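Engineer: Read off the chains here:
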Amino acid sequence: VSRSSEMPEAPPYGLEYSPCSSQGGQRIKVLARSANLELAIAELTAYVSQDTAVGGGRSCLVAGARGAGKTTLIDCACEEVRQKNEFPRLIRVRLHGPSLLSPPKPVATKDNPTPPEISVQEHVLKTLVVNLYQTAAEEMSNAFEEYLRDPMPEGGESAAPLGRIRESDSTARLSEFAAQLRLTLDGAPSAATLRYFWNRAQALRRGVLLRGADTEQGVKEIVALASAADAYRSCTGTYTQERKDERSAGDKAESKTELSASGKEVAKAVVGLASGVAAGATAAALNQSKPIMALAGAIAALVSMMTLSYTRTRSRETTLKEAITFLPDTTVSALVHRVLLLLRRFRQAGLVPIFVIDELDKVADPIEPLNDLTKSLKFLFADEGFFCFLTDRTYFAEIDRRNREKSNTPLRTIYNTQMLVRYDTASVREFLKQVIQPFFVTGTSSSITADLQADAEALRYVLTCRSRMLLFELSQDLRSFTGTEKRLNPAFQSPRANLGHQLHLTVQLAIELVLTNEFVANRISRDANFAQTIYDALYHPVNLWYADQQEVDCSPDNLIKKIGDLTGEPLALEIPDQKFLQTQVKALLDLLTNLPELERRLGVAIDANRLIVADKGRLLDSIPTAISLLKRVPNEDNPDIYQWNYNRSGIPFEASAIQDIQNNQGLWAAFATIAALETSLPQILARRPGVGALLSGVPAALSVITSLTNFSVPVGGTL
Amino acid sequence: VTAPNSIPFNPGLLQQYSIVRTSPSWEDVKESMTRLRPLLQPSANPYDQMDLDRDNVLRFATNLESSAESIAYAICLAAHLARFSKTNAFEQRLNDGFVALSTGLDLSSLSETETRSELQRCARAAFPDFEFGLPPLTVQNPVSSVPIQDAAAEPARESPGTSEASEKKGEEPQPARAVPALAQPAEDPWRTALESALSRISVMLPPSMNDVLRKAVDSWQARLTAFLTGSSGQAEIPPDIDYLRCRAANLPLGIVLRGRLRNASLRDWNEAYVSGMSVTGDFASLPLWFALAALGALGFDVPRKLDSASYDEIKAAESFVSKIPTGSPPKGLLILRLTAESQTAEWKISASMPALILTSEDFLREGKANLRSYFQPRLHGVLIEMSRDELPAAAQTRANVNTIKDQLPSVRVGFLMRAQNENAKKMANGVVAVSPADAWEAYTQAFPSPSPT
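Sequences listed follow chains A and B, in order.
To get my numbering, take the position in the first sequence, counting from 1, and add 28.
To get my numbering, take the position in the second sequence, counting from 1, and add 23.
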């Protein structure tokens, strides 16, 4: 079999993409750092770690262009906080913004032909409850499974009971048991059912979320989850509106459930018990409507029942005899309080929900609906929960404008933190530095490893340019570049040798050079909003390049309009700022019209440490100085028009005709020069002096040596 | 000895030695030229990538023209350095000369302009009072326009396929159009000037080796002193021609460190320490002060009290050390690495954690000076690097830990592991660092509590 058709084996070196780093033996996802990320982490950490007795919600407005990395930023912040804070544990509840602001139309039935409209507030609260329960249930079932698999639980009630389960249950059965809980949670089970699972796993006292937790932990977990399940049933309409207790509970029933697969018997019993203690002091304190009182009473009773059943007193039989009718109240006020209650219950159990309302940039004109919503539910959004609103820059600009117009707007107090998601090129490259690294086997020559390092550095610039500073594009690109396992596709040296890559590298280096300008750096550091506009302006020619538009109109009006198109609304800038932007873009374009000059200026910037690169020689070597990437083509009306000569793949926009090539005198001169040197070099280097010249000094030297060889020292005769 | 008419050399090697810029690569350009050549025929067919081929050729020629001086200097210097190589084959000696030049000057880290000025500086040092007088690298009358029919008729420039096609299609005579022809390389004045320079250089008497060594030692001392005392913004003393001569001759003074110390790695400095401490008896061996300088570069303070060294070594070392200001650098680590496949190979120098990384044999070997009392108070601990399947006890035996403990009695001992191994970790009492990225991380993992003062 011929091997010629097979793919050649990849060399044992190249570049790899490692999205995770190792710290102390743990794999941790590498994040692109930014000031916004640090701020988000600080806010989340403060909220998660605050004392449960102290209220205090936070709302973050996270704005940015599509693909700028808003979701990534919040996800990364949540992930980092989760890794740093094992307990209480942050859970991220994701909510779809467009659906949230569009309540469904009520369905008319025979009994109710004209149902009332569902208000946005009611819909939002119900959605919160549903998503909160589902997220918490998933988190809890994961923790439950982990707890069952952990061979050495620390500080459990005792190792023996769990050991007993383990003796009788194989690993497969433990997994099955965990899976059973997972499926049961899908149906929003009752407290009794949950108790069955926790009891069976010997986690009634210390729970499953935290090793070494206090003895109330298990109860708190069940209370929180059962409360959420109860609320979930109410909001999804699956709750039985009337339920009466049965007298089948008791120690006998409980012992039966030890053998039961579903825990159904105990479920009924405990619900009855919980419902039976309806009139609770909690409800009275809250001064709420009857259904709320019922719920609160149920929760209080449940806690007491747990304690009692654990000690196996007979007192529970007396409480089982009562029955209630539970009618879920889905009015806004009831739902608000239910959500607040759930937040507290979860915090007590060690779960801190963070609500992320995503995709608000896909809502057409979200300003007023969102403002109405945030104002009406302010005490939930700003005072109790942690909500992140992910919007586009239009909303951010509007909020900013309103805040500037009035010093004390309600919006100012709703959004504790407002951030415009943007990354600077240095932080993106630092991130890429962590995730893109060369790999090679021991013994690889130092020249190859140096080339690999230079490849990695060049590729980081290339990817930064390709992403146009949009993290979404960057992550897509990284995925598309990643081949088998973690290996990156670009072949050895191709990040510096492929013309398409070289052009991206060149453009990115030119942008970085403009960013090192003292005035630009100063504006960026002073004004985050304008900083983003500067980036938008500098990447505007690249965006056109990516749209295969050859012409770059850099006139101030056009530039401002195009940046406005990018942000979704006209850009309102003072004339000096407009001129400032145009000056920078023109500086960039002028650099790209003269690549040798760009190379020279980059060299100066690197030597002066204004630009930090690891391998200046190899990096600058990759700038294709001999080609004309961009040219200025002014016309009578507009002197600021430029034209790309090459597309982003490195292919000329205007293909030549064969006559152009044949008549290109410069080309054939170059051809001749190269051909001449190719022929000359081996001949020049082979030149050696002729034998005569080589031996010219030898006879004289030989005579000296010979004379010394024959030289004898007279020592005199013997006496 | 018969002089060959030519030796295997092509413009790609100029790129490999970082004398001309590497992009576009010679391989690509050669292919582009092969594809373009048939276009000299009047009836040639266009093809998709002819624009790219044109650009490749233009770019490469521009690179060659702008590096013409660099190429000439490099060839002359390589021919000169080849005389210091100890290999027999002429081609190999020439290659040694190019390698010494390229790696010694670290040409790959320089821009085109810097490369030219560095080569020029070295050429002036190697050939004082010598004027090169090089014309630009362009062939004389490079493009002689000839009528298209003549060009097509020239058999040497025909592509078989296109020629045939032109015969078949050539019923209608093409209008006479100017098509370029390739010029003769022999007419190139640049080549003539270079060959003349090479002829004169080849009969020059080489400097005596003693002079070369003496000057190399002097410049090393100046370079190391400047490196250890200079601020980061200060320009370093670049590699000199005597260093390059030693490098071509494969002598320790030419290969111990990179000539550009800012590019020297953790590994380079550790190897310099071992070489500086080694007693070889060779006349060209490294002085002791190389090892002292290496300790300074690694982040330790430079030893000032030396025991057991020879009088000459002590005198030279004291003279060197007297130029280095005293400081109070942080404590560091001694890492007894594996002989092969050490995980420390790619570590970078950690500013906050000096690390001496060498094999236990190298550490325990009787060197030019006894530095036991120097290391004792300057180490947080010793880490023994373990191979993949090795257990701590075996690693301790291999590293001769008892002798190490005798020499450094109050220094803590831990292990450096490549991957998590709970069993081995327990056996090592938890004093381990697992695959750390540098010496600082190794320290924080293995010795979380500060070392006793």
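Keep in mind that the hints were calculated from the coordinates and are not lab data.
What you are looking at is a predicted structure, and each value in this text was computed from that prediction instead of being measured.
All residues carry an ideal CB built from backbone N, CA and C; glycine is no exception.
Errors might be hidden in some of the hints.
Listed next, with one range per pair, are the computed distances between beta-carbon atoms [as the list claims (entries may be wrong)]:
#1 B:N452 / A:S508: 33 to 39 angstroms
#2 A:A683 / B:L157: 35 to 41 angstroms
#3 B:S375 / A:N586: 48 to 54 angstroms
Engineer: Quick one: are S375 (chain B) and N586 (chain A) within 48 to 54 angstroms, going by C-beta?
Structural biologist: 52 angstroms, holds
Engineer: Is the gap between the beta carbons of N452 (chain B) and S508 (chain A) within 33 to 39 angstroms?
Structural biologist: 48 angstroms, violated
Engineer: Just tell me: holds or violated, for the beta carbon distance of A683 (chain A) and L157 (chain B) against 35 to 41 angstroms?
Structural biologist: 38 angstroms, holds
Violated hint for the displayed structure: number 1, the only one.
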